[in-house]
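Peer 1: What follows is the residue order along each chain.
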Amino acid sequence: MSINQNANTGALPNFRNLGILLRILVIVDGMCLAAALLKTTEPLVLMEELIDVSAIVQPILILSLLALAAANDWLHRLRYWHALAALIVLELAITAAVYGFGAHMLGTAGGLGRYVIFTLVITGVLIGYFDLRGRALSPALTEARLQALQARIRPHFLFNSINAVLSLMRQEPRRAEQALEDLADLYRVLMADNRQLAPIAREVALAKQYLSIEELRLGDRLRIEWDISHMPADALIPPLVLQPLLENAVYHGIEPRSEPGTISIRISREAKEMHLTLRNPYRPNGSHHAGNRMALANIRERLALHFDAEAGIKTVASADTYEVRIVIPYLKAGT
Amino acid sequence: MTAAEQALRVLVVDDEAPARNRLRDLLADCAVKMPLEIAGEAATGRQALEMLPACEADVVLLDIRMPDMDGIETAQHIQKFDDPPVVIFTTAYDAYALKAFEVHAIDYLLKPIRLSRLSEALARVRSFAPLKPDVLREMKPDARSHLSVNERGRIHLIPVPEIVFLKAELKYVTVRTAEREFLLEESLARLEQEFFGRFVRVHRNCLVAKDAIRGFERALDADGEGHWVVVLNNVAEKIDVSRRQQHIVRELGRIL
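Residue numbers (my numbering), protein chains in the order written: chain A, 1 to 335; chain B, 1 to 256.
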């Protein structure tokens, strides 16, 4: 189940996708069970009831899945509403056929009407479900989410940085120049299309530029320890994972203290995994945590979009330090 | 020389050195057009409070986001001076504070600060209305880190964690720390609300810091009946627990 499934709003799902077929199976059988449970909860009677219903429903289900897989391309060429109509007609035809054949063979209880209604209800529920799911997973929405993510640098940082640069203009024009260059680079990356993985070396360079701007205004209150001697420079990472975390570390760890504090960053490769650990001093009086949670949720979401369950992000808060640990699979650039 | 012609003395308060430099440059530019002097520079709210009695500032340019004690709280303590200077807040971005400034028509400067905005604000300074304690309290929903009292023209800061108990007496609230006591002109009910969770009300007129409670013991009334008293760490005085508040003995459960 990935976002590349082409599940546009108002489109049918891909009936040749195993995941979709599995979902249909589970939902239909779940509804059968629910219907049977409505009648009785006595295990033996329930069993009988289920077998009874299954005798008709399972053949309908299997035939439907086969027919849908076969008609998949044709259905997707139709307009959504036409495809829905075709789908319902198809389902009713299968139901009638199976009933006609099955009732004759098995002498099953209940009239055709019962199964027609059941088929219509299930078809309706499934169409509704896949429509909602399609909306939730639509590429447009994912893109909007990623775009929203990109704009998340704190306005606080921008204005304070410009203020710091302005303060350098008269006395130290060269440092002001460099700071503006760093700021420009940082914003160039922030505003770029950041949906592709990028080499970790670039991410580290960006983080260093960001930190040099922060050093400008925080002076020796900000201390940085890099431990990246075992970092493979060609490893790939989603862009802007490190910088927002450092921004959090500065905002929550360094700015609220008048004495100097150290942010330490460790990046290393362990077998097939990349480990990123970021630690900052921290005072647990928690008044500024909304921004932090938001940044973490965003990074978690992006890691999931890129690596699914293979990546993880974890935070550990102790009495005086706060640590973020990220694990992502080791992917080399150019492979 | 009339008051209007006297040089305006400005204290700059900001934790970031570049921000202070920038203000110094801008104030120097303003000084060309109006009589102006830099009364001093402070990197923290506490430092500003210490400098104020001696530096005789008319105006304080006060950054809002600072470590240890933020600008809003610093302004609250500044108001305790007998003749407090005018406070103009400076901030890079603080949606919450900005909204409050607009609502209460408080002057503020947005960083990066423009020369024209700064000189306008300084030119109008003498007509500013003083900040109201209620307004400042509303702007800062979090509890203060310190209480403050004016002692012979100086502001004495009392770190909240050092407070053992607060006792209402007539017009004042007595603030007791391990070392000494202070008289505070604030209401006990409001303090209870502000520091909710840190103090427990043991009596109609007394809040005791939970951390300072060693335990409870029985004491005899004048008429021979018993009641509970609070035994404190670091302070010998024992505090009566009123009949109404007896349930806290069970809740905190440290019977000696």
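None of these hints come from the bench; they were simulated from the model.
Hints should not be assumed to be uniformly reliable.
[To be verified] Partial selection, computed: residues in chain B whose CB lies under 10 Å from chain A:
#: 1; residue: 20
#: 2; residue: 23
#: 3; residue: 40
#: 4; residue: 44
#: 5; residue: 67
#: 6; residue: 91
#: 7; residue: 92
#: 8; residue: 94
#: 9; residue: 95
#: 10; residue: 99
#: 11; residue: 100
#: 12; residue: 113
#: 13; residue: 116
#: 14; residue: 118
#: 15; residue: 120
[To be verified] Which chain A residues stay away from chain B? Per the calculated CB distances, all over 10 Å, these:
#: 16; residue: 70
#: 17; residue: 73
#: 18; residue: 158
#: 19; residue: 168
#: 20; residue: 217
#: 21; residue: 218
Positions of the beta carbon are idealized from the N, C-alpha and C atoms, including for glycine.
Peer 1: Now tell me, hint by hint, if it's right for this structure.
Peer 2: Verification of the hints:
{"no.": "1", "hint": "20", "result": "holds (8 Å)"}
{"no.": "2", "hint": "23", "result": "holds (8 Å)"}
{"no.": "3", "hint": "40", "result": "violated (18 Å)"}
{"no.": "4", "hint": "44", "result": "holds (6 Å)"}
{"no.": "5", "hint": "67", "result": "holds (4 Å)"}
{"no.": "6", "hint": "91", "result": "holds (9 Å)"}
{"no.": "7", "hint": "92", "result": "holds (4 Å)"}
{"no.": "8", "hint": "94", "result": "holds (8 Å)"}
{"no.": "9", "hint": "95", "result": "holds (9 Å)"}
{"no.": "10", "hint": "99", "result": "violated (15 Å)"}
{"no.": "11", "hint": "100", "result": "violated (16 Å)"}
{"no.": "12", "hint": "113", "result": "holds (8 Å)"}
{"no.": "13", "hint": "116", "result": "violated (14 Å)"}
{"no.": "14", "hint": "118", "result": "violated (13 Å)"}
{"no.": "15", "hint": "120", "result": "violated (18 Å)"}
{"no.": "16", "hint": "70", "result": "holds (57 Å)"}
{"no.": "17", "hint": "73", "result": "holds (52 Å)"}
{"no.": "18", "hint": "158", "result": "violated (8 Å)"}
{"no.": "19", "hint": "168", "result": "violated (7 Å)"}
{"no.": "20", "hint": "217", "result": "violated (5 Å)"}
{"no.": "21", "hint": "218", "result": "violated (7 Å)"}
Checked against the numbered hints given earlier, the structure breaks hints 3, 10, 11, 13, 14, 15, 18, 19, 20 and 21 and satisfies all the rest.
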